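A.B. asks: Okay, here's what each chain looks like letter by letter:
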Amino acid sequence: MASPMRIRAAAKDGVTEVRVLMSHVMETGQRKDSSGAVIPAHFITELTAKHNDKVVLSAEFGPSVSTNPYLAFKFNGGAKGDKVAVTWVDNKGETRTDEVQVA
Amino acid sequence: MNHQRRDTLKAGSGLGVFGLLVAAGMIKPELAQAAWNKEAFEAKTLDAAFGVIGAGKPAESGDVVITAPDIAENGAVVPVGVVSNIPKTEYVAIMIEKNPNMLAASFTIPEGTVADVQTRVKMGQTSDVYAVVKADGKFYMSKKEVKVTLGGCGG
Amino acid sequence: MRKQLKAIAVSVGVALAAPVFAQEELNFDAYREMLADGNPAELYEMEGEELWRTARGPRNATLEQCDLGLGAGVVAGAAAQLPRFFKDTGKVQDLESRLMHCMETLQGIPSEEIVKGKFRQGERAKMAALVAYVVTHSKGEKIAVDLSHPKMKEMYELGERAFYYRTGAMDFSCASCHSQDDKRIRATQLPNITKPEGAAAGWGSWPAYRVSNSQFWTMQHRLWDCFRQQRTAEPIFASDVTIALSVFMAGKGNGAEAQWPGVKR
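Residue numbers (the working numbering), protein chains in the order written: chain A, 9 to 111; chain B, 48 to 202; chain C, 737 to 1001.
These are calculated hints, taken from the structure and not from any lab test.
Quantities reported herein were computed from a predicted structural model and do not represent experimental measurements.
For each residue, glycine too, the CB sits at the ideal point set by N, CA and C.
Some chain A residues flagged as far from chain C (calculated, every beta-carbon gap over 10 angstroms):
id, residue
1, G44
2, I47
3, E54
4, T56
5, D61
6, N84
7, G85
8, A87
9, G89
10, Q109
Some chain A residues close to chain B (C-beta under 8 angstroms, calculated; not the full set):
id, residue
11, V23
12, Q38
13, T53
14, V63
15, V64
16, S66
17, A67
18, E68
19, F69
20, S72
21, S74
22, Y78
23, A80
24, K82
25, F83
Each pair of labels, with its calculated beta carbon distance range:
id, chain 1, residue 1, chain 2, residue 2, range
26, A, Q38, C, G853, 30 to 40 angstroms
27, A, Q38, B, V112, 28 to 38 angstroms
28, B, G101, A, V23, 26 to 36 angstroms
29, B, V112, A, D61, 25 to 35 angstroms
30, C, I972, A, V23, 46 to 56 angstroms
Bound-form chain A, shown alone:
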């Protein structure tokens, strides 16, 4: 089971800034292990962020996004206590959703 994300969401002057750290190997499929065998690709492909029930960002990642991906973005509005939820799906179909309240 995938490890939790670290999500921080803070509202200031009418804008909510969201910063997300995801725990993921982001294996490119181009590396070899010590025995010379190719390490299969394993990376997050899609991500969706929601403010309450509204989608505020969707993203597609390729394998060249760094291991343990970081994402920061801003949306207008948002108030203390609102919910921000982030969901990712990877190329093996694993998925993870975490949610925080806006600070």
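Assemble chains B and C onto chain A, guided by the hints.
C.D. replies: Just chains B and C now, with coordinates in the frame of chain A:
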């Protein structure tokens, strides 16, 4: 903040709707990512990548601002931010010219979201980093060179 | 072994050869600043906080009564004052040896399991997460290691001796790499640990997340790797020499602000 963190962990123990559908066998993992633009992520040249996303030959614009260090200590993690000051920006893509595959990440920016995203990418060598933006149906781009060094032993 | 030595000779050669980048171009401040916000070490810190509060081990207990030097359960600021002399054990302990003591006495997890374990595996991996949690709660604190106890003095002196002790196949010491200003191996700057600023830069920025291998390394892990690079006998986990070197570095760096957890290339 600690409380918030605990809430996160609790909330995180549940699967998203998508995940639930996958877990329930209602949709297959391949279908879950049917939307993923495979062709764009497999493009080996900038022109090909521009073509797949429908950008053609995007106009260079000073209103597309890339934030990245001039020199990165390690190519495995290079911070890249893109801000588009062009109204009605709806899409942002980050491409690395000297990587095996051009496209690193793309973002769909709905109305109400600021065209200001930051992430971190892998770079195999010193290269131009491209930001391609779609605003009001038109494509724009800008680029910035990021030097990548080899590291030493310990750090 | 011979191949290994040849490899070292080659890498030393690279370090001495004309670098691709001039020294003045190797300014990574902007790069490091951009990584500090959203340091992936936070993922380990989250795991560590959960572990701290989770009842585990044969005694099914949490670590919430662990005394890191500032009283049972006090985490805030504790790492900034470690290593320190602990009356209950009669020993100078660093963060990891103290956590190991707590895990054994409170949870019943045998220290041997950690000492004989491997980095990033089993209980030692859990230890690293706990370290990430504890040091994060000293971020921005001034390093304040009390050297007044005779046992601390003894450890400081032992650490200093170990720092200058030349050994291994290449016959070099910690000081060979870490006693001059503006030295680097390829693009990596080496702190001068004989000076307070250098000691603070080293001590105050480890434990750290390393972007080159996406791993979180504790100070025990960092020191173990220094010994390995020195091509000498690898130190036993939490052994006196590792704690002594920590006392020496922390003591030298006293008064500087801790940047824990760090983020490294």
